[in-house]
Amino acid sequence: MNEAKPVGGKVFTGPFLFFLVVTLIGIYFLAKRFMFGIGAVTNMNDGFPWGIWITYDVVVGTAFACGGYSMALLVYAFNNGEYHPLVRPALLASMFGYTLAGVSVFIDIGRYWHIYNVFLPWFTNFNSILLEVALCIAAYIAVLWIEFSPTFLEAKAGTKSKVNKILIFFIALGILLPTMHQSSLGSLMILAGHKLSPLWWTPVLPLIFLISAITMGYTVVIFESTLSAVGFKRPLETDILAKLSLVIPILLVIFLIVRFADLLMRGQLGLAFSGDLQGNMFLLENILHIVPLVILASATNRKSAKMLFLAACCLMSGGLLFRFNTYLIGFNPGEGWHYFPAIGEQFITYTIISAEILLYMIFVKKLPVLPSHGQVKA
Amino acid sequence: MKIKRRDFLKGAAGCGVLAAVGQPTFAEAKKKERLPGALGFLYDSTLCIGCQACMVGCKKANDMPVESSDLLPIWENPRDLSAKTLNVIKKYENGTGEEKDHETDGFAYVKRQCMHCVDPGCVSACPVSAMRKNPDNGVVTYNKDACIGCRYCQVACPFNIPKFQWDSAFPEIVKCQLCSHLLPKGEIAACCSSCPTGASLFGPTNELMAEAKRRQQMEPGKYYNFPVSSIDSGKTFSQKASRYVPQIYGENEVGGTQVLLLSGVPFDKLGLPELREKSYASTAESIQHTLYKGMIAPIVVLAGLFYFVNRSQNDKD
Chain A
1 MNEAKPVGGK VFTGPFLFFL VVTLIGIYFL AKRFMFGIGA VTNMNDGFPW GIWITYDVVV
61 GTAFACGGYS MALLVYAFNN GEYHPLVRPA LLASMFGYTL AGVSVFIDIG RYWHIYNVFL
121 PWFTNFNSIL LEVALCIAAY IAVLWIEFSP TFLEAKAGTK SKVNKILIFF IALGILLPTM
181 HQSSLGSLMI LAGHKLSPLW WTPVLPLIFL ISAITMGYTV VIFESTLSAV GFKRPLETDI
241 LAKLSLVIPI LLVIFLIVRF ADLLMRGQLG LAFSGDLQGN MFLLENILHI VPLVILASAT
301 NRKSAKMLFL AACCLMSGGL LFRFNTYLIG FNPGEGWHYF PAIGEQFITY TIISAEILLY
361 MIFVKKLPVL PSHGQVKA
Chain B
1 MKIKRRDFLK GAAGCGVLAA VGQPTFAEAK KKERLPGALG FLYDSTLCIG CQACMVGCKK
61 ANDMPVESSD LLPIWENPRD LSAKTLNVIK KYENGTGEEK DHETDGFAYV KRQCMHCVDP
121 GCVSACPVSA MRKNPDNGVV TYNKDACIGC RYCQVACPFN IPKFQWDSAF PEIVKCQLCS
181 HLLPKGEIAA CCSSCPTGAS LFGPTNELMA EAKRRQQMEP GKYYNFPVSS IDSGKTFSQK
241 ASRYVPQIYG ENEVGGTQVL LLSGVPFDKL GLPELREKSY ASTAESIQHT LYKGMIAPIV
301 VLAGLFYFVN RSQNDKD
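Chains A and B, in that order, give the protein sequences. Sequential numbering of the first sequence, starting at 1, is according to this note's numbering. Sequential numbering of the second sequence, starting at 1, is according to this note's numbering.
Heads up, some of the hints might be wrong.
Just so you have them, the derived chain A footprint on chain B, three or more residues with Cβ under 8 Å [said to hold, decoys possible]:
| # | region |
| --- | --- |
| 1 | 140-150 |
| 2 | 235-248 |
Estimated spans, in silico, between C-beta atoms of each pair [stated by the list, open to error]:
| # | chain 1 | residue 1 | chain 2 | residue 2 | range |
| --- | --- | --- | --- | --- | --- |
| 3 | B | Asp63 | A | Leu17 | 50 to 58 Å |
| 4 | A | Pro121 | B | Asn206 | 46 to 54 Å |
| 5 | B | Gln216 | A | Phe273 | 37 to 45 Å |
| 6 | B | Lys269 | A | Asn280 | 28 to 36 Å |
FYI, nobody ran anything at the bench for these hints, they're computed from the structure. Glycine included, every Cβ here is placed at the ideal spot set by N, Cα and C.
With the rest of the complex left out, here is chain A (with noise of 0.2 Å):
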């Protein structure tokens, strides 16, 4: 069994230092965006209503918190008990990841003093696919800090917990609620009609949106591990990553087949080629997909910590680039709307990244999260 330990030492490190001076300048323009409005800050208008904070901190940011669903996953439901060591870490990190994109979607929001409106029954819309996301975030986001308790307990009281039929009923949910939400994501968009281009707008979204959040989670999981083992001076855990790491091109291929079926289905894939920034991005978006699968589907790269790692890189870039097409760059409202993040806009999302790498350093140092030294055994 692999008991997981706190890592120790000091939390005040030059990392930690430099992570905290972004989070307090962003707390500046944090400060700005409340005292005189969202436009005092950000250069999101009436053509692109939904800025960065949106696209980045809650869309790409949730994928790439898929994490701990995509290890529930493939732990609890399909059974593989030997990926254990790697949950708690994948977890933390999802809390984080979707504990902060609730707090950017508070910043994002003109009327935050009515953000319970929609736990209102008199005020919900069943038919809005943004309140069945606000419900489901919201509520994963309390499954995520219940999932994540024992390891409080743990820390606590110096014994392990029993996982017992309650909590067994949330990590169930902590499956089936990312399902929802994650694949409601591709959903949302299907509203903007005309005014998202062919290349990302097909009603099939949904669908592509959540093989994609599935695969950022492993890819999530690679990377987060490769960069705690040499931030931490912990040894890599290539051995499970690399068996890990073949889930990857198995659920890239189905996410290009459903892609470009869709696109051939609808006979959009030329405007691909049509050589625009729109057309351009999407090629790209694809590139950052093809590579990692031709690295991934080679058993000798995935053996070695440091192809892992790029093609973690890799998708990640990919499946970040495929959100910020569908939400900003594939998205063109009509003639003279146009949309750069401003300055400010841009500081307060780098402190909610910021803030999340300081939550897990603190945590990880004081909490029993990472599999103890020399004991990942694949």
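Got chain A; can you put chain B on it based on the hints?
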């Protein structure tokens, strides 16, 4: 490992099913029909003289501030709809710009405001029902007490109509509500009551549709009577009929709208988007309702997951 791999594949496909089951049923989504009591107006670009009285009337009736997009007091000011302007007259110009309602070397006016869709994207989008379609007259209204400011209505509107108060710490969404506050007093939308030529004509959409079809049958150059203000006002004025493009904008666009437009210049030249006949709301809702009808699919999946997770824990013990 081999079996597990196959299991995993099956599982991954199974998860996809939750999102995929909706696909074959898209086409069967029921089309929303115009409400019998639907109210709107008919804007006839060929009757519009660009006087902008409708813009003044709208500002007065809705207590909206004065706005200028440019420092110079040019005609086209403000240039477009905004959080301060619910209704705007815009101009199309081509070549020498001499002939009214001519596509080449001509000019034409167009009025932009909420189209009051039959199946509005904003109403479907809004998580908290701040955007509502009045069940009797079909007017799309906004309730700031419900609104959370998520701006999904802006993403969802095919006409980019809802505007957001970006520079306010306590912002609201702003859009034309067809002067809903005047209707109970027996008055009509201010843009129509202030229009001197009948270019903006208030009335029940089905009567306006009949009027639009009547105008398309007119012989260009001959004199006809055109109603002014509202279709039942009894006031008319005699005017030479123009040559119309053979399309009533709003008849079929995204499932139809309660505001209808006639023009002598193709509508895409006037800045109106070319839209499909099916509303995007119906596509989105049919996916959503197929997946989540009665929450049956999610509950079944949850029960299955509970069984598998429980089994995996028992295996471990």
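Looking back at the hints listed earlier, which ones does the structure fail to meet? 2 and 4
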